Amino acid sequence: MSTAAAETLPLVDRTITEVGELLRRREVSSRELTEACLARIRRDGERLNTFLAVGEKRALQAADAVDARLAAGEGANEPLLGIPYALKDIFVTRALDDDGQPNGGLPTTAGSRVLEGYRSPYPSSAEEQLAAAGAVLLGKTNCDEFAMGSSNENSAYGPVRNPWDESTVPGGSSGGSSAGVAGGQAYFALGTDTGGSIRQPASLAGVVGMKPTYGRVSRYGMIAFASSLDQCGPFARSVRDVAHVLGALAGHDPRDSTSVEVPVPDYAATLTGEVRGMRLGVPREYFVAGMEPGVESAVRAAFGVLEGLGAEIVEVSLPSTDAGLATYYIIAPAEASANLARYDGVKYGLSAGEDDLLENYLRTRGAGFGAEVKRRIMLGTYALSAGYYDAYYVKAQQVRTLIKAEFDQVLTDVDALLAPTSPSVAFKIGAKTDDPLLMYLNDACTLPVNIAGLPGISVPCGLSDGLPVGLQVIGKAFDEATILRVADAYERAAGFASLRPPTAHD
Amino acid sequence: MISRADVEHVAALARLGLTDDEIDRMQGQLNRILEAIGQLQSVDTSAVGPTAQVIALENVMREDDSRAPMARDAALANAPLREGDHLRVPVVLEEGR
Chain A
1 MSTAAAETLP LVDRTITEVG ELLRRREVSS RELTEACLAR IRRDGERLNT FLAVGEKRAL
61 QAADAVDARL AAGEGANEPL LGIPYALKDI FVTRALDDDG QPNGGLPTTA GSRVLEGYRS
121 PYPSSAEEQL AAAGAVLLGK TNCDEFAMGS SNENSAYGPV RNPWDESTVP GGSSGGSSAG
181 VAGGQAYFAL GTDTGGSIRQ PASLAGVVGM KPTYGRVSRY GMIAFASSLD QCGPFARSVR
241 DVAHVLGALA GHDPRDSTSV EVPVPDYAAT LTGEVRGMRL GVPREYFVAG MEPGVESAVR
301 AAFGVLEGLG AEIVEVSLPS TDAGLATYYI IAPAEASANL ARYDGVKYGL SAGEDDLLEN
361 YLRTRGAGFG AEVKRRIMLG TYALSAGYYD AYYVKAQQVR TLIKAEFDQV LTDVDALLAP
421 TSPSVAFKIG AKTDDPLLMY LNDACTLPVN IAGLPGISVP CGLSDGLPVG LQVIGKAFDE
481 ATILRVADAY ERAAGFASLR PPTAHD
Chain B
1 MISRADVEHV AALARLGLTD DEIDRMQGQL NRILEAIGQL QSVDTSAVGP TAQVIALENV
61 MREDDSRAPM ARDAALANAP LREGDHLRVP VVLEEGR
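Protein chains in written order, with this note's numbering: chain A, 1 to 506; chain B, 1 to 97.
FYI, nobody ran anything at the bench for these hints, they're computed from the structure.
Given the structure is predicted, the values throughout are model-derived calculations rather than measurements.
We put the CB at the ideal spot given by N, CA and C, even for glycine.
Some hints here could point you the wrong way.
Unchecked claim - Straight-line distance between alpha carbons at most 20 angstroms, and here's what the computed EDC-like set of lysine to aspartate or glutamate pairs gives:
1) K428/A - D390/A
2) K404/A - D44/B
3) K57/A - E32/A
4) K476/A - D415/A
5) K57/A - E128/A
6) K404/A - E58/B
7) K476/A - E315/A
8) K347/A - D98/A
9) K57/A - E46/A
10) K57/A - D97/A
11) K432/A - E22/B
12) K428/A - E166/A
13) K347/A - E83/B
14) K476/A - E372/A
15) K347/A - D85/B
16) K476/A - D266/A
17) K428/A - E372/A
18) K347/A - D73/B
Stated by the list, open to error - Computed far set for chain A versus chain B, every beta-carbon distance over 10 angstroms:
19) L22
20) D64
21) R69
22) Y157
23) G251
24) V264
25) R276
26) R284
27) F287
28) G294
29) E307
30) V316
31) Q409
32) G466
33) S498
Take these sequences, add in the hints, and give me the full structure.
Below, the structure is given as structure tokens:
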């Protein structure tokens, strides 16, 4: 563990805010930052299995183009200009030109065999938005297959290792993004969060991770898992860095009809460090059975830090929290079973090459999907099938109404909610793979937030048994500014912002 | 409890080819998961409507204007089987055989 002051950290382990200053003062170039990340990827990437594709040549070309702009005196107000980053391999990246020939772009797999070798003919909005912001795409990060998992052990391309302890998982499903950002392989990364897949891996890898409000950010080109729950968001090494990335992503996109036209504030400008007079609610139901004592004590200590800053901490109740897990494991698989019907061996992706269409479906999907994806397709198909639709799917949608109403009610009385992000620190690879239900419990504190569509952020709040713990801040719909402000104020006061894993050295 | 035949029926609905071992394992795991999910039946929802999505959006319209489609060769480049400008699909109507 390294607790050294930020300025003594290697360049690749610092924050966007720090290296952005150096870039604009021309003390470092985007090429140097990019080469430093690529060197760290070469050193650790294969061992940690963080990346599924790296685009070295294109990244260096993009960095050189930025350096030319900086040399011309441009870019003073572009916080992501020249900053190397990674995309979870759930986002399509354009890899074909109009003639259908490879254009040098990165392939997209969603962590699945069924998309092995897939080259997207179009870019995701995220890829376009971040290119427009001048960020430098390094590569695509490993993830659980179709974002289904909490440990990154469901990737068809092998598990990711956590740089804090390489025998443990980095969380999931965005585990390559969390481990990569923690390990100095990228200054930020995007993940996707359907039930906690940004916040939980951020917690387990000791970085900041945010799921914006449902509708806040475009999902165009983000491979669908559960369409009423999915959202994309950033991982970075500080709350301010996350605010900068959110600023580049937020807003309405005509290509995503579920993105909403709500004004986007200047998120970085809202980080005043001031929380005096704010009312922060602690839902008592979030201290679930089986929560590790070290996690609970670190999170409760964080409440004390915010209280010391002048916030009022009040206990609140969200009585339907306990039903969240069951609600989620009906709605998410039901939507997944419909979304994954598109992998049919006809239009793109793996095909078994059978002469009979039905046989081709069965063999393609049987060979292309891994165990967890099959389990969720089965669960979802069952919940939607004749005779069970009302008992499972409609029932879950009704409980969803209750869960959302409770959040809405409580959030009229408090400015934001505080909770643990995950009930445990990083666990050993293989420890929970035999028991799907045990694995699902990892998301007990995060998935209610998706059910209600609210924004949530995880910020490091110390260590337990030498491994990172995350504090979760949950906000009102479209009020990312408040949870960023709370998380930033906490981060400044708590002194954990410069915690880095043992890999943080050159 | 769901039976082995139920598992086979659902797999057929999902167009998912499972091996005998997978069917056995799936039966046990689905039963345990469904038992846990069964907890929902104890929640009183008699006066509650369903929520399909959480934002107050209804049908979203755009202008009915024309725009350039994706280039045909790019759209077809990932097809497992292609014939000219078409996707090639196994015959589905008996008369065609």
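Open item on the list: Check whether the Cα positions of K476/A and E372/A lie no farther apart than 20 angstroms.
Closed with: Outside the cut-off at roughly 32 angstroms; violated.
Open item on the list: Does E32/A sit within 20 angstroms of K57/A, going by the straight-line distance between their CA atoms?
Closed with: Holds. K57/A to E32/A sits at ~14 angstroms (cutoff 20 angstroms).
TODO: Decide, holds or violated, for the assertion that all CB atoms of chain B are farther than 10 angstroms from the CB of L22/A.
DONE: At roughly 40 angstroms from the nearest Cβ of chain B, L22/A sits farther out than 10 angstroms, so the non-interface label holds.
Open item on the list: Between the alpha carbons of K347/A and E83/B, is the straight-line distance 20 angstroms or under?
Closed with: Between K347/A and E83/B the Cα gap is close to 12 angstroms, so the pair holds against 20 angstroms.
Task: Hinted pair K428/A and E372/A, Cα distance within 20 angstroms - done: Status holds; Cα separation ~19 angstroms.
Task: Q409/A and chain B, when compared Cβ to Cβ, separated by more than 10 angstroms - done: Per Cβ check, Q409/A is outside 10 angstroms of chain B; nearest 14 angstroms; holds.
TODO: Please work out if K428/A and D390/A have their alpha carbons no farther apart than 20 angstroms.
DONE: violated (39 angstroms)
- [ ] Starting from K476/A, check that the Cα of D415/A is at most 20 angstroms away, please.
- [x] holds (8 angstroms)
Open item on the list: What's the verdict on K347/A and D98/A, does the C-alpha distance respect the 20 angstroms limit or exceed it?
Closed with: Distance ~17 angstroms between K347/A and D98/A Cα, so the pair holds.
- [ ] Quick one: work out the minimum CB distance from G251/A to chain B and report holds if it exceeds 10 angstroms, violated otherwise.
- [x] Correct as stated: the minimum Cβ-Cβ distance to chain B is 15 angstroms, above 10 angstroms.
- [ ] Take the C-alpha atoms of K347/A and D73/B, compute the straight-line distance between them, and say whether it is at most 20 angstroms.
- [x] holds (13 angstroms)
Open item on the list: Would the hint linking K432/A and E22/B be met if the CA-CA limit is 20 angstroms?
Closed with: holds (19 angstroms)
The structure shown violates the earlier hints numbered 1 and 14.
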